[in-house]
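Trainee: Starting from the known structure of chain A, fit chain B onto it as the hints suggest.
Residue numbers (the working numbering), protein chains in the order written: chain A, 1 to 171; chain B, 1 to 204.
These are calculated hints, taken from the structure and not from any lab test.
Here are the simulated DMTMM-like pairs of lysine to aspartate or glutamate, each with C-alpha atoms no more than 25 Å apart in a straight line:
{"#": "1", "chain 1": "B", "residue 1": "Lys-193", "chain 2": "A", "residue 2": "Asp-16"}
{"#": "2", "chain 1": "A", "residue 1": "Lys-37", "chain 2": "B", "residue 2": "Asp-96"}
{"#": "3", "chain 1": "B", "residue 1": "Lys-165", "chain 2": "B", "residue 2": "Asp-154"}
{"#": "4", "chain 1": "A", "residue 1": "Lys-86", "chain 2": "B", "residue 2": "Asp-194"}
{"#": "5", "chain 1": "B", "residue 1": "Lys-69", "chain 2": "A", "residue 2": "Asp-16"}
{"#": "6", "chain 1": "A", "residue 1": "Lys-118", "chain 2": "A", "residue 2": "Asp-135"}
{"#": "7", "chain 1": "B", "residue 1": "Lys-166", "chain 2": "B", "residue 2": "Asp-151"}
Covered stretches of chain A (in silico footprint by chain B; criterion: 3 or more residues with CB under 8 Å from a CB of chain B, positions within the stretch not fixed):
{"#": "8", "stretch": "41-54"}
{"#": "9", "stretch": "88-102"}
Computed from a predicted model, the values in this text were never measured in an experiment.
Glycine residues also receive a C-beta, built at the ideal position from the N, C-alpha and C atoms.
Below are the chains, spelled out letter by letter.
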Amino acid sequence: MNDWRDDIFQVFQDHDIRQVYHVPDAGHSRLIEACQKSNSIRTLALTTEEEGIPLAAGAWLGGQRSVLLMQSSGVGNTINLMGLTKTLRFPFLTLITMRGEQGEFNSWQYPMGQGTPKVLEAMGVLVTAVDKAEDVKTTVDHAARSAFNGGQAVAVLLRQKLIGIKNFGKK
Amino acid sequence: MSTATIQRRPLVKKILDGADNNLLVVAGLGSANWDITAAGDRPLNMPLWGAMGGTVPMGLGLAIAQPSKRVLVITGDGDMLMSLGSLATVAAQAPDNLAICVLDNEKFGETGNQATHTSPRNNGPTDSGAGADLSLIARGCGIADTGTVRDQADVATLVTDLRTKKGPVFRLVKVTVEKLEFVMPPQDGAHLKDRFRAALLGSP
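The following block holds chain A by itself, in its conformation from the complex (with noise of 0.2 Å):
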């Protein structure tokens, strides 16, 4: 079986995904440096996440198609923007790599973490998670499918349970 990072990159050049944006994330790594050595995808690394929301509105009114990488911990950052595709009315496409699960050794990724879904829904953006790694490529497929043939906002959160739990060296 495929690694499902590798899955996700597959649906991206189905659906003729042409601008990923992204900060730095360990979860997305391997999908960022994937799309980084693409030649049919333009990689934006962004300052703050909020800054995706514009940029693939922008894509959109020039005919393109893009997705936005983050954290949980960034979705707070894109919130007042993410009122944008209600407002526009345009496809968008989000993957949210999940943080402040059960089992999480952090703190400080709990609120946010836990708030994600409810703060995503609370703007109108259709939530959906995947947590078993067999079950990515049709997730992803069937969120862009709602995105770019239905026209939807919508979220994916790659649970923290398919991720693997950051332990800081720790066990």
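Mentor: Just chain B, lined up with the frame of chain A:
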């Protein structure tokens, strides 16, 4: 007191004079929105009524998607101050078709002309800022071609730079504080997006 002499409305009209299908414009909320609309509403204008801090990134996403078109971002100092990091993102991508023009009146115009951080320091108890220089900040973020325009005599060059010079181009224009008529484009965001895409791509 600001010593600016350039008035924003006639300036923006000059910047957009003769705009054709090769010029895509994104304007920040408030005064810049009303300014580009006063110059003549057109489908290839994307005037923002909100989304403060989103103007420059929206222009960047558009510039990357449409490399053969000129993309011009026109916004104010308040909006620009809210997304300084996006200037570094622009510098990292270095789109050669993107120009950013910040109309700096040193005020938050829509909320009653309170001082922004570009206002001078020690300017009285209610009107002091930090003397922040957005052109220097843009330069410091890595945009090589930056400049500040204060005199009417430099406007012709400014217009040429914004419309044709290899990007990314960043220009700060010091403009006067004025009470101007609200000239409003359509407000519905989905409509603005759809008419833009229809004009640019042939279908919404």
